[in-house]
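Asks: Listed below are the residues making up each chain.
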Amino acid sequence: MKTLALAITITLLLIPVASSAAEPERASFDVTVIDAKKTPGEVDPKLEHLKDVLQRSFKGYKSFRQVNRAKFSVIEGETHTTTLVASQELKVSLNPGGAKGFLKVRLVSGDLKTTIDVKDGGLFFQAVRGPKGAALVIAIRATRVVKSRAR
Amino acid sequence: MNCEQIQEHIGAYRDGELDTSTRASVEAELASCETCQAAYRELEALEALVERAVLEPAASVELTGFTDEVMARIAVETSVKSPAPERSHESLFDRLAAMLGLDARSLVMAGALAAAAIAWGVWPAAQVTSPTPEDVVRAAEGPSKSPANPSDKVAPRPRRGMELETASAGRNAASVQQVEVAHGRVVIDDNADDPDRPVVVWHIVGEEVDPKADVSP
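Read top to bottom, the protein sequences are chains A and B.
If you count the first sequence from 1, position 122 lands on 122 in the numbering used here, and the numbers rise without skipping.
Just add 151 to wherever you are in the second sequence, counting from 1, and you've got the numbering used here.
Hint data in this document are derived by calculation from the structure and do not stem from the laboratory.
Quick caveat: nothing in here was measured; it's all calculated off a predicted structure.
Any given hint could be a false lead.
Chain A is nowhere near these chain B residues, computed Cβ spacing over 10 angstroms in every case [stated by the list, open to error]:
#1 Gly162
#2 Ala163
#3 Thr171
#4 Arg348
When the alpha-carbon atoms are kept at most 20 angstroms apart in a straight line, the in silico SDA-like pairs for lysine to any residue are as follows [to be verified]:
#5 A:Lys113 <-> A:Val146
#6 A:Lys100 <-> B:Gln329
#7 A:Lys51 <-> B:Arg348
#8 A:Lys51 <-> B:Gly321
#9 A:Lys51 <-> A:Val108
#10 A:Lys59 <-> B:Glu159
#11 A:Lys37 <-> B:Thr173
#12 A:Lys51 <-> A:Gly41
#13 A:Lys132 <-> B:Glu193
#14 A:Lys113 <-> B:Val356
#15 A:Lys71 <-> A:His49
#16 A:Lys113 <-> B:His334
#17 A:Lys37 <-> B:Gln156
#18 A:Lys37 <-> B:Gly167
#19 A:Lys132 <-> B:Thr171
#20 A:Lys132 <-> B:Gly167
#21 A:Lys59 <-> B:Ala190
#22 A:Lys37 <-> B:Asp166
#23 A:Lys132 <-> B:Ile355
#24 A:Lys37 <-> B:Gly321
Cβ coordinates follow ideal geometry from the N, Cα and C atoms, glycine included.
All chains, full assembly: derive it from the sequences and hints.
Replies: In structure tokens form, the structure reads like this:
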């Protein structure tokens, strides 16, 4: 009887730990593709949620136009492919090993491969620039999805 | 044109994109107006930052061995400095069993029962996760581009990399761990001037982005 009681106690104590270890991390991504130009123009109303940071981060640019936007989630160790413009694609992976409170994100776009640790819920940009200054900006916000138990 | 209008044209002026009359207006203003000169210098400094090559072409920065080597050296030095603790005649397991008033066999049985219960209860839960709001949106928008076959998956590579750049503060803190590029060069603009400003990873390429290529919905 004492053995059984001890077994139940150990089980109850270890279930949260085991559950946490078994379930893979998952993060949601909000990817916005923006055509930025230095010539006079406006900030696309669709980019209202990014207007402030775009103007602070790309000071030489006047015109920002949303080209595409995608929201999706990725499980740790897997890759999601989303379209940037035309046939250009962006592969987004959630890698293991991010620091506490950070997500380790792997991006592959053309021949550019980037691995970045970003704060949970944080935003970062990847931008491609040609010789005359026009830029294709990719805004990426990564947020950890809170684990839930479901049967 | 007033100062505001002139400053709107400074970027295009630097890139040689203005027509003759507008360029002349900008040059005249830059020659006489300190405010416009300051705006010009600010843009010049910004572009210099972007132009500065942090990484050379075709760079592949892989610094993962550094941490492992340091940790290995620490381990060696620690083992030299710290004498091995004396072994107790009575094992921890025996002491735990005695403390709980059980014999060793009963303790093993309890552990086995607990492991079986956890495996029974947790394994199915790990196989199924609730759909997130994003999944719902994705499903509503049409077919997913998630990997349909295992070849699209990226094998997890646990790695301790050295940081290239760190934007340590702010709600958008981020550190670039690794960058590889075959063509052009990469410049990392951290947010040192503004802790809440996101990091920008610039890829500078030789070809102009075609503005007509991205208009399709």
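Asks: Return the numbers of the hints above that this structure violates; sort them in rising order.
Replies: 1, 2, 4, 5, 9, 24
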